[in-house]
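Number of protein chains: 2
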Amino acid sequence: MSRAGQQTFIYDNPPAIAAHASIVGPKEGRGPLADWFDTVLSDDLLGQKSWELAEMEMVRRCARDAICRSRLPDEAVQAMLGGDLNNQIIASSFAARTLGMPFIGLYGACSTFVQALVIGSALISGGFLENALCVASSHYCTAERQFRFPLELGTQKPPQASRTATACGAALLNGNGDGAVLRVTSGTLGRVIDLNITDANHMGAAMAPAVFDTLAAHLSDTGRTADDYDLIATGDLGWIGRDLLLALAEAAKLAIPPEKLIDCGASLFYQAQDAHAGGSGCGCVASVSCGWLMKRMEAGEMKRLLLVGSGAMLSPTSSQQGQSVPGIAYAACIERSDP
Amino acid sequence: MSRAGQQTFIYDNPPAIAAHASIVGPKEGRGPLADWFDTVLSDDLLGQKSWELAEMEMVRRCARDAICRSRLPDEAVQAMLGGDLNNQIIASSFAARTLGMPFIGLYGACSTFVQALVIGSALISGGFLENALCVASSHYCTAERQFRFPLELGTQKPPQASRTATACGAALLNGNGDGAVLRVTSGTLGRVIDLNITDANHMGAAMAPAVFDTLAAHLSDTGRTADDYDLIATGDLGWIGRDLLLALAEAAKLAIPPEKLIDCGASLFYQAQDAHAGGSGCGCVASVSCGWLMKRMEAGEMKRLLLVGSGAMLSPTSSQQGQSVPGIAYAACIERSDP
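So the protein sequences, as listed, match chains A and B. For the first sequence, position 194 (counting from the first letter as 1) is numbered 194 according to my numbering, and the numbering increases by one without interruption. For the second sequence, position 83 (counting from the first letter as 1) is numbered 422 according to my numbering, and the numbering increases by one without interruption.
Think of the hints as simulated: they come from the structure by calculation, not from any bench. All values reported here derive from a predicted model rather than from experimental measurement. Careful: at least some of the hints might be erroneous.
[Unchecked claim] Which bits of chain A does chain B cover? Going by a derived footprint, with three or more residues having C-beta under 8 Å, they are:
1. 41-53
2. 86-92
3. 106-114
4. 126-133
5. 185-197
6. 308-317
We treat Cβ as the ideally placed atom computed from N, Cα and C, and that holds for glycine.
Take the sequences, apply the hints, and build the full model.
Here it is, written out as structure tokens:
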């Protein structure tokens with residue numbers, strides 16, 4: 001069976017996660033997950049002349065780290081699926097230019113990494129690709145000046161704002177998964193959901209309805225409940241968005257035990273680091289999945305994880321025109337199989 | 340077989356093109372293909388308050404036109420794949436918000452429509468979707484002020500510049516294709532190719548190398564030659580880019596009879612309309628495919644078409660930082676089966 005219910009893909013040939021890599025910036029490298037990430041940058045310019053070039057270089061390095069770990073020869077990598085927050089997703093496409101494999105550009109805002117896992121897994125399970133590199137990144141400095149204000153202004157943020165993570169995560173999916181213990185077993189598409197949040201600083205509120213919609217669809221489509229998962233990890237709802245998700249679930253009588261629900265963005269920084277509502281950005285869920293969650297699964301701590309990445313599909317232009325902030329969320333189920 | 344060669348997908352269950360729709364702006368509606376398009380707008384604001392809202396409305400209407408023609412009930416449409424040139428692809432995502440089905444956001448610049456056909460067809464052939472709506476749009480006014488200059492400035496363009504088309508095309512792919520005569524039978528991914536063109540106005544030169552790369556890969560992967568196709572239609576290389584493609588092919592001893600090669604962008608406007616190198620934008624290949632080429636195939640004029648959409652993966656930021664313009668191209672083979 002390849003399809004379940006409304007919007008979920010069941011992978012008859014679930015691809016293995018053959019390798020993963022994560023890179024984070026200095027601030028992220030002083031947070032609670034510091035010791036888990038593969039690389040913590042000391043220089044968030046990565047020796048480059050601009051923030052955009054820095055983010056491109058971060059993507060390139062992270063992709064290369066994952067490829068090296070997979071032991072696949074470079075020329076054997078058949079596609080890169082990914083995106084980022086930069087206009088025209090230049091961090092991903094320019095990295096793809098250097099890396100050289102076919103590139104499938106995606107955009108789901110901060111959900112892009114999970115979107116890549118879902119689409120990449122379908123292409124592998126369907127026999128179109130033997131492997132696929134799924135990558136997503138974000139950088140505090142590229143995002144701030146594109147979406148909000150120049151850094152030099154020192155503009156204050158409200159408490160509900162999240163902080164775009166300087167981070168990248170890459171996972172190499174392989175249809176031939178000998179020896180790998182993690183597989184992507186199902187994926188759920190997202191609908192664009194908008195409950196009229198107009199505060200462009202309140203990403204948690206804007207995305208929580210989409211996370212609820214996709215999570216509910218995934219559980220309904222698979223016939224499961226939250227109890228069937230060891231952990232449900234949202235991407236970057238943040239502290240406030242997480243509470244809103246639980247409230248939406250309660251109102252719909254969908255049981256989500258709070259102790260099973262974590263948020264990658266809320267896990268990324270200590271409160272004392274003043275990241276307000278928590279980390280966000282495409283690289284948030286990507287780095288925390290690859291750096292922390294997948295490693296915990298490989299260590300045997302969990303058998304079944306549901307990753308629900310979400311994105312806010314606004315642009316500065318849409319916000320300036322007074323539009324509300326639509327959200328979208330993708331879900332991917334990762335399972336450990338004991339050898 | 341689902342995979343051929345380096346980067347081509349062969350669809351074991353080739354989806355039918357169950358319906359298509361096209362909308363173009365007033366200038367496009369005075370060009371050589373005027374009578375072919377389903378809708379020619381008299382008001383390129385579509386009654387909206389901003390150009391961005393206009394483009395969102397154009398996408399919504401075009402998508403609805405295709406759905407209506409397919410006779411599928413609204414709730415039966417399982418996914419929308421698409422993108423546009425607006426930052427954060429807001430025309431597509433905001434239209435998806437209104438339309439309500441799951442949304443897979445893509446970005447390949449002006450190649451996005453063909454990218455949607457390739458990925459959508461794979462998801463249908465692989466059994467993950469029963470149908471998929473592939474849409475892409477562009478609007479002269481949203482593109483000009485985002486990529487270049489405010490319209491009110493009346494800035495001159497050099498001769499090699501193309502003109503972003505105000506246009507949208509939508510094709511509804513259906514795995515259950517009873518009665519439909521056109522199918523998408525194969526698709527080829529693109530690599531990001533950059534031969535160091537730094538003139539951000541010369542999209543033809545920036546993209547020709549990528550078109551050549553993907554076209555050569557498609558022919559090699561399928562074991563075919565250009566003679567196996569009734570027509571090869573590039574997206575928006577324009578007049579100059581087409582010549583460059585032929586030159587690249589000749590240098591590589593890849594035979595492409597010039598009479599078999601057309602360009603959607605070069606076909607969209609009369610020379611007298613002063614569109615310089617020709618039309619461009621995501622909506623160019625989308626509208627010309629859906630409005631003209633597919634109809635010609637359905638009328639029996641052609642049996643096998645190769646559509647090669649290309650995109651220039653620059654952003655204003657990358658150009659302003661002195662970066663060259665990388666290109667990418669996707670190919671989709673559309674074939675007519677006689678009932």
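Here is how each hint holds up against the structure:
1. 41-53: holds (count 4)
2. 86-92: holds (count 5)
3. 106-114: holds (count 4)
4. 126-133: Our answer is that it holds, as 5 residues pass the Cβ test (under 8 Å) against chain B, meeting three.
5. 185-197: holds (count 6)
6. 308-317: Our answer is that it holds, as 5 residues pass the Cβ test (under 8 Å) against chain B, meeting three.
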